[in-house]
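Undergrad: For the record, in the sequence shown the residue sitting at position 10 is 9 according to the working numbering, with numbers rising by one throughout.
Simulated from the structure, these hints should not be mistaken for laboratory data.
There's no promise every hint is true.
[To be verified] Below, computed lysine-lysine pairings styled on DSBU-like, alpha-carbon distance capped at 30 Å:
#1 K98 with K111
#2 K98 with K110
#3 K110 with K96
#4 K96 with K111
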Amino acid sequence: KMACLMRSAVGARALFARATVHSVAFSRASFPGQARSFQSTPTTRGGTDSHDDVGGHNGWLFGKNPDVKHEREAWEIPYMVAAGSSILILGVGLTYKPKTSIKVWALDQVKKQRGEA
Numbered sequence: 000k001m002a003c004l005m006r007s008a009v010g011a012r013a014l015f016a017r018a019t020v021h022s023v024a025f026s027r028a029s030f031p032g033q034a035r036s037f038q039s040t041p042t043t044r045g046g047t048d049s050h051d052d053v054g055g056h057n058g059w060l061f062g063k064n065p066d067v068k069h070e071r072e073a074w075e076i077p078y079m080v081a082a083g084s085s086i087l088i089l090g091v092g093l094t095y096k097p098k099t100s101i102k103v104w105a106l107d108q109v110k111k112q113r114g115e116a
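The task is simple: from the sequences and hints, build the whole structure.
TA: Shown next, in the form of structure tokens:
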């Protein structure tokens with residue numbers, strides 16, 4: 000067992016020494032004015048230019064010409080009616096919902112005790 004522990008300790012020291020040597024090499028290469036020796040080709044950021052013409056970019060918002068009148072699709076009118084009615088129902092429901100806060104309940108209790116209600 001002792002020999003196994005000694006081997007693992009020696010292996011760990013060697014691994015740490017290699018990692019330290021590599022980190023020093025990388026840090027030395029990153030000083031200003033020094034080129035990185037392990038980089039052989041320049042990197043291109045942002046991809047290539049081969050996909051620029053896909054989709055037919057014409058410069059208009061959503062690709063729609065602002066001079067051409069929009070033709071409604073079959074789903075647009077039912078969608079707008081449903082959205083508008085749900086907003087209206089939500090607004091009326093939230094306006095007339097019952098008051099359930101503790102302050103309203105306490106005020107009602109005080110009015111009952113005084114005989115005002």
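Undergrad: Going through the earlier hints one by one, which of them does the structure break, listed in rising order?
TA: none
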